Amino acid sequence: MVKRGDKVLTGQKIGDSERFVNAPVHATISGEISATTTVINPPTGQPVAALVITSDGADRWVELEAPGKPEALSVKEILGKIREAGMVGLGGATFPTHVKL
Numbered sequence: 001m002v003k004r005g006d007k008v009l010t011g012q013k014i015g016d017s018e019r020f021v022n023a024p025v026h027a028t029i030s031g032e033i034s035a036t037t038t039v040i041n042p043p044t045g046q047p048v049a050a051l052v053i054t055s056d057g058a059d060r061w062v063e064l065e066a067p068g069k070p071e072a073l074s075v076k077e078i079l080g081k082i083r084e085a086g087m088v089g090l091g092g093a094t095f096p097t098h099v100k101l
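At position 85 of the sequence shown the residue is numbered 85 (our numbering), and the sequence of numbers has no breaks.
No lab work stands behind these hints: they were computed from the structure.
These figures come from a predicted structure and were not determined experimentally.
Be aware that one or more of the hints could be misleading.
Okay, the calculated beta carbon distance ranges per label pair [to be verified]:
no., residue 1, residue 2, range
1, Glu77, Val48, 27 to 33 Å
2, Ala50, Glu77, 30 to 36 Å
3, Arg19, Ser55, 27 to 33 Å
4, Leu101, Asp59, 29 to 35 Å
5, Thr38, Glu63, 16 to 22 Å
6, Gly68, Glu18, 21 to 27 Å
Cβ coordinates follow ideal geometry from the N, Cα and C atoms, glycine included.
Given the sequences, and given the hints that come with them, work out the whole structure.
Here you go:
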């Protein structure tokens, strides 16, 4: 999805998977992907791939899409929007919210 040297914006999706029990990952700052590394995932203790973003100091955001009228959306569409937003639980395991619903 992104690689070393790519410029990213805050809120930009930088990682995803086709697995159902998964949530996309978004950039928390704007800047440049400066490295890939391995870190320990706190809930599992397992090593996982990670991206290092060097901040550009600008806090530039990706253009956000207005959600529209939720009452006009199907359950499937709402769950899709929740998944794409990368919403996860805060209990420590970061379980994807769209799966819980």
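### Query
Between Thr38 and Glu63, does the C-beta distance stay in 16 to 22 Å?
violated (32 Å)
### Message
Assuming the hint says 21 to 27 Å, is it satisfied by the Cβ distance from Gly68 to Glu18 or not?
### Response
holds (25 Å)
### Task
Could you see if the CB distance from Arg19 to Ser55 stays within 27 to 33 Å?
holds (30 Å)
### Message
Please check whether Ala50 and Glu77 have a Cβ separation lying inside 30 to 36 Å.
### Response
holds (31 Å)
### Message
Within 27 to 33 Å: is that where the Cβ-Cβ distance between Glu77 and Val48 falls?
### Response
Holds, since Glu77 and Val48 (Cβ atoms, about 30 Å apart) stay within the stated range.
### Query
Between Leu101 and Asp59, does the C-beta distance stay in 29 to 35 Å?
holds (31 Å)
This entry does not satisfy hint 5, going by the numbered hints stated previously; all others are met.
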